[in-house]
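Fit the two chains together into the complex; they arrive one by one in their own frames, and the hints show the way.
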Amino acid sequence: MSRSLTRDGLVASAPPVVASASPRTRVSMRSAVGTLTGRAIRAGVREGDLVFAIVSPLAFFVCFYVPLHHRFSTVGVDYAQYLTPLIVIQAGLFTGIVAAENAARDHAAGVRSRLMSCPIPRVAPLVARVLAAMSRNLVSLVVAVVIGTIFGFRFESVGGGIGFIVMACVFALGIVMICDAVGFVLPHPEGVAAVLMVPQLILVMASTGVIPASGFPHWIAPVVRNQPVSVFADAMRGAAGGGSVGAMAVVIWSVGMVAVGAVCIVAAGRKQLGR
Amino acid sequence: MSTSEAAPDTRPRLFAVDEPNSAERKSAEHSDAGVGTTPRDTEREIVTSAPTGEARGSGFGSWMRQSAILTRRQLLVLVRDRGTLFEGLVTPAFTMLMLNVVLGHGMELTTGHKAAYGIVPLAILIGSMFGSLAGAVRLTQERRTGVLTRLYVMPVHRAAELTSRVAAELVRILATSTVLLIIGFAIGFRVTHGVGSVLGILGIALLYGIAFSTMVLGLAVATVNFPLVQGLALLSTLLMFFNTGFAPASNYPGWMQPLVRHQPMSPAIEAMRGLSLGGPVARPLAETALWALVLFAVFAVPAVRGYTRAARNS
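So the sequences go chain by chain: A and B.
Counting from 1, one number per residue, gives the positions in the first sequence under UniProt numbering.
Counting from 1, one number per residue, gives the positions in the second sequence under UniProt numbering.
The shape of chain B in the complex, shown without the other chains (with noise of 0.2 Å):
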């Protein structure tokens, strides 16, 4: 039978068809030809001599919607990927209740308000940074183990991997700073302003997280014996002591307070704080925007180069 006479199969067809099952192997086996070609051959035949183009799907439509299919494939490994779940919520919110009991008070004395306004936010953002790394791990992993590369060699748009990230990666910074911000109201975080304010505080998170995820993934598809994980852990709880959520900025050396408060977490903690407690928002809001535009400009297009280079070399 030849792809000429097969009948067009309208099912979507996304991926590489499997091998015929050892039933339709007999089939084969037994039939006249000596050789045999079952259904499956027919669509192996289809895929694998359709026109390229076709194949991968390179309209905007198909583009789309493998892109939702793999956005799914992509969350299902979140859920199940204890890694992601400890480091992207647990860890972030037992550091939001640890600080609390420990340096609450404190900071309560010094600020005048409560300490939640500072440390949830910091949380949020903790959760964001820390779930990126989770993820750089899975990458690496999915690299070292031929997953990319399997994916590259499909029929699939060339852009719905690495958008199915992306899409996976707002979901999961909007559902755990969903969830930090309620534990955040049981140890007295409030937003004065309404549900504005809370959309608000999660457009910050998914801002910056979003922004920080870039630079990971660019980081990530870049380098191959580095310890890039453990140089970025580093880099986090750097980025997680010296901000102001953690201390307020005269805590700190009169040297490093221009430091301290123009750091990206800082403005991100400070337009949080100011949405919720209220206070200036503009200023640190187009901080936190700034400093995510020079992480895209930045990472952006290495991390798409970088992506492909991986699938292909892996």
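Only chain A is shown next, with the shape it has when bound in the complex (with noise of 0.2 Å):
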């Protein structure tokens, strides 16, 4: 420590001379999206699941169509207007179980822990991990609409083909949201997908997206059509065919889901704060 006199005579110990650092550099908000937009997005090609996400939706397709599509024609039904949503619907569900995936390898690899200590906004790997899921779900949609309409599935309306899209979106969103947080708090990476496959086995399967209502025992009649995926399906069946949609539903399980997604994101964010 350095010694200097004082006015007085008294010697007095002087602060140690600090280096005045410079200003940390903040990146905007736009700028580190787009990095890591990209960046997940790139690795996400790399890992093959571009390929992934235009299989999925093709093949699911045509697994539910071929053998059931017989069934419906003898009542006629076209079963590809019928079946179309749930598909681009269960697209959305894989994108979340990818989304949960890329998640948990992040956080055991410390990949967020090292983004926390850069000089980026604190919600800016959330959003861009968001966006590159939310890029992968658009192609498995457009896959998905592609492959229904070479079956027979039709837009009414222009209006009505935006709303299905909307509809489509906020689904993937709030399952998305959800999903990265689960993600972040299950301890095992490889264990993510498997856990996540049986309530989404259980969503699509137990809905009006593969069978209509009437189909299934009285007893599990209600829970099958109230729940998310019969919701988002028959909404998305009616605003495609020029049918009534049902808005009330829609709009409380986008918002609840959305709302869900955001608590446990925050909750998420804060355990990781508290390491």
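Don't read these hints as lab results, they were simulated from the structure.
We put the beta carbon where it would ideally sit given N, CA and C, even for glycine.
One or more hints might be untrue.
[Claimed, not checked] Some, not all, of what chain B presents toward chain A, calculated at C-beta under 7 Å:
#, residue
1, 86
2, 94
3, 102
4, 247
5, 296
Structure, rendered in structure tokens:
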């Protein structure tokens, strides 16, 4: 410690000279999100994620349509028109599972901790992950609509088509947010997909996306009718075919899912900060 | 203390001996010679200086003994692996229940008998397949983290590790098939021909499952960068929807019906249905056995060679 003589003649300890650190450069939200989203998308393409995003809706459409359309054609229902909304929704669910896997992998590899020490907005990595997942979902959505169109799916109006796409994206957004938080919390990245496959399976199979509610046993029909996949599938089918949409139920589920997703993400973030 | 003076150690030494602990290191440091040898050092010398054949345990007895130990290890890993538990048991169980709820009534109207007779065998086979895929994920991880190489350089019989994997798969398939069969009884699946039929159903599950596992193992050790698990999962999903357990063959387009009837899952499902409900068993069973033989013939040797190569190079 340096010593100096004061005006009173007393020797005092001078504070150590600290080199003035240059102010930390902050990266703008737009720049950070753009870079991180690009990184996530490139990683997805490199790891075959894009191929899976294209092939999975195609495969599942064929898997459901070929064995079951026979049952529907006998009662005069166009099964392609009936099934396509479910395939789009299932693509959203798969996107959520992939998002959870990516979040878990990043967390296990310490990517999140490193990003927290970077001069970027705290929310940027989350926004980037969600945007990357949504871009993947958009690819699946387009593939699902194209394969549906080949088999006979049609939009009755432009407005209906826009409504269909908006509902699909809102559903996927809610699912991605929830799954991102789940992937963050689960300790082992390897088990994430396996664990999330079960709720995905239940939501898809026990919905009016595959068969109408009247085809289910009476004891489970009310649950089937009001669960989110059924609500969105019916609304999207209505929007595409120019029928009734049931907007109230869709709005309630949309707000609920996004709100739950936001709460889950905040809780997961707090857990990270607490470590 | 040289190896010749050391008292022979009768305990089975399957693995390389660990480093001496801190107390042993201290005693070595403070010994007169300055280097010092502890009993643990002696044991290491015995193990490392033993002739390769002996250290590896080239006899049939040591192969069996070491296989048993490694099988126990594999089963412990299986039990602790959440992915395998979900993919091999929980997912097939829920698939069975959901298919029964969603498609059960329609299938009953079409076929004239309970849907469970198609859905339960289907779920058992799904359990075998998806459990094998979880095993492939685990194998890839062990390869990446160097576990295979560590086992390869240890004084363990070369075949023991591979044998243990196959044995663990057999135990897994048998256990999950039994559980799924019990759940199947809850949704109306019945066996009309006694215990022999139950054993027959489990035998078919084992035959199909181990053949599929051989294919998965052969492909898992042969590929490095290809997204194998996703590819096989997609194949398994297609097989799962295009078979006579999911829907009667008549529901499929005419050109597709022969493919649906003769793909690997369908004869196995038909044989199980025959054993439970009654009906032809010999022909579907022969077809299942033929498929299993084809898979063994194509993938068994590449699996063994690829496994050795993967262990050496990982």
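>> Could you work out which of the previously given hints the structure breaks and list their numbers from low to high?
In response: Those not satisfied come down to hint 5.
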